[in-house]
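Take these sequences, add in the hints, and give me the full structure.
If you read the protein sequences in the order shown, they are chains A and B.
Quick note: the first sequence uses full-length UniProt numbering, first residue 1, plus one each step.
Quick note: the second sequence uses full-length UniProt numbering, first residue 1, plus one each step.
Calculated from the structure, these hints are not laboratory results.
Check the hints yourself; a few may be wrong.
Mimicking DSS-like on lysine-lysine, the simulated pairs with C-alpha atoms at most 25 Å apart in a straight line are [stated by the list, open to error]: (1) Lys-190/A x Lys-2/B; (2) Lys-136/A x Lys-42/B; (3) Lys-2/B x Lys-107/A; (4) Lys-136/A x Lys-53/B; (5) Lys-6/A x Lys-30/A.
If we take Cβ atoms under 7 Å as the criterion, some of the chain B residues that face chain A in the derived model are [stated by the list, open to error]: (6) Val-30; (7) Ile-31; (8) Asp-45.
Quick caveat: nothing in here was measured; it's all calculated off a predicted structure.
Positions of the beta carbon are idealized from the N, C-alpha and C atoms, including for glycine.
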Amino acid sequence: MTSEIKFALLNNSEKSLNDVKGLLESCHLKVDRQVDLFAVAYTDNNDIIACAGLFHNIIKCVAISPEYRGENLTSRLINEIILYAADRGVFHLFLYTKPENIRVFEKCGFYPLVVIPELATFMENTPVGIKGYCEKLSQKQHVGKRIGSIVMNANPFTLGHQYLVEFAAKQCDWLYVFVVSEDSSMFSFKDRFRLVQEGTSSIANVTVLSSSEYIVSKATFPSYFLKEKADVDHAITGIDLLVFRNYIAPSLNIMSRFVGTEPFSPITDKYNHGMKYWLSEYQTSSPTINVIEIERKKINGTPISATAVRYFLKENNLEEVKKLVPETTWAFLKENFATNSREVL
Amino acid sequence: MKIIKDAIAGTLESSDLQVKVSPQDNLEIVIHSNVMHQFGEKIADVVKETLNKLQVAEGLIIIEDKGALDCAIRARVETAVLRGAEVTELNWSLLK
Chain A
1 MTSEIKFALL NNSEKSLNDV KGLLESCHLK VDRQVDLFAV AYTDNNDIIA CAGLFHNIIK
61 CVAISPEYRG ENLTSRLINE IILYAADRGV FHLFLYTKPE NIRVFEKCGF YPLVVIPELA
121 TFMENTPVGI KGYCEKLSQK QHVGKRIGSI VMNANPFTLG HQYLVEFAAK QCDWLYVFVV
181 SEDSSMFSFK DRFRLVQEGT SSIANVTVLS SSEYIVSKAT FPSYFLKEKA DVDHAITGID
241 LLVFRNYIAP SLNIMSRFVG TEPFSPITDK YNHGMKYWLS EYQTSSPTIN VIEIERKKIN
301 GTPISATAVR YFLKENNLEE VKKLVPETTW AFLKENFATN SREVL
Chain B
1 MKIIKDAIAG TLESSDLQVK VSPQDNLEIV IHSNVMHQFG EKIADVVKET LNKLQVAEGL
61 IIIEDKGALD CAIRARVETA VLRGAEVTEL NWSLLK
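Quick look at the structure:
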């Protein structure tokens with residue numbers, strides 16, 4: 001049977017797109033809108049019997065029609081995707097799947113990074129990916145008893161962020177600030193990273209680091225294979241935090257993670273709760289990490305947030321923006337959002 | 001030969017292998033095989049010998065072996081290295 005099966009990139013005809021959708025649905029999966037490339041397997045009758053999708057460096061929407069399972073179609077399909085990705089210059093690939101599929105993807109050269117029991121697994125297609133990253137991290141290790149950390153998007157870096165860093169740095173011998181490296185924010189990673197560096201340069205015991213691709217983003221997590229919204233949240237948070245706890249924290253001896261309270265966004269507030277669970281309470285072989293939640297800095301009774309800064313920027317209300325950001329960020333914003341900024345200066 | 005970019009060769013099908021090479025300061029070879037117990041050392045020997053012949057002294061070489069014969073291992077390693085080293089004109093005598 002297998003000899004009649006051919007592999008190809010999906011042509012964008014409506015029929016094939018519908019076929020893929022139908023196949024995914026028959027496997028109880030939804031189409032992930034981010035996927036911009038599908039590899040498919042089809043029979044002589046042009047029936048699509050298997051598919052695998054790609055978004056950036058993440059493999060998504062892998063499905064095999066039930067009557068063709070057990071013929072090793074997955075590894076041939078994944079192989080196609082690996083080659084297409086290589087053509088695009090992408091060699092380091094990730095995927096999320098249910099824990100019961102780990103074996104299938106191990107056969108395709110993928111290695112599990114963390115497993116959230118019964119829900120999801122995060123895998124990468126190299127046996128030395130996270131190991132290499134952690135080795136590089138540990139070269140930046142500082143000696144000290146109390147090593148702390150903060151993960152921030154800093155979109156952009158506000159007085160609130162600065163306050164959190166200053167507060168945490170006082171409690172620690174050394175503090176690592178990870179800036180989320182993914183570019184799905186208003187400000188680019190390059191700019192965000194620079195603003196964090198500039199805004200913390202006066203604090204002696206701080207290192208600013210890029211979060212790397214190992215800090216999972218909500219924007220790229222495929223939720224199509226989990227049915228309940230609560231399961232999705234649980235899995236995303238768990239994967240992200242266990243990667244941090246099991247790999248990143250040990251390579252820098254990080255013992256605590258600082259975070260500001262979240263009075264505005266229920267999602268982030270939930271994430272803070274998840275942080276306590278996955279970093280401090282959840283049982284795993286890695287050491288626990290102390291989560292320290294600090295009340296956010298307020299100005300005139302209102303907690304400072306990057307969301308507010310972005311809002312005021314869009315409204316062109318630079319007077320309000322200026323109140324919420326440090327000098328360093330203000331200098332950058334002034335330069336890049338210069339329209340009408342004169343009257344404020 | 002110096003590996004200057006990521007490259008890949010081969011497949012994950014039975015009796016074949018996939019070879020991935022990346023630039024790196026030292027030479028690191030990582031082998032995974034479904035016949036690791038029986039042939040792990042032999043596979044490593046063939047890989048090292050092929051790298052030697054191509055004068056590859058540094059790079060990360062990752063092998064996903066699915067029970068390939070020595071000749072397949074050699075061919076896939078050669079192809080991955082040549083792609084990773086962006087070799088356009090081949091000195092065939094190296095590959096003898």
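How the hints compare with the structure:
1. Lys-190/A x Lys-2/B: Answer violated: Lys-190/A to Lys-2/B is near 30 Å, above 25 Å.
2. Lys-136/A x Lys-42/B: 31 Å, violated
3. Lys-2/B x Lys-107/A: 30 Å, violated
4. Lys-136/A x Lys-53/B: 31 Å, violated
5. Lys-6/A x Lys-30/A: 24 Å, holds
6. Val-30: 5 Å, holds
7. Ile-31: 9 Å, violated
8. Asp-45: 20 Å, violated
In the structure shown, a violation is registered for the earlier hints numbered 1, 2, 3, 4, 7, 8, in ascending order.
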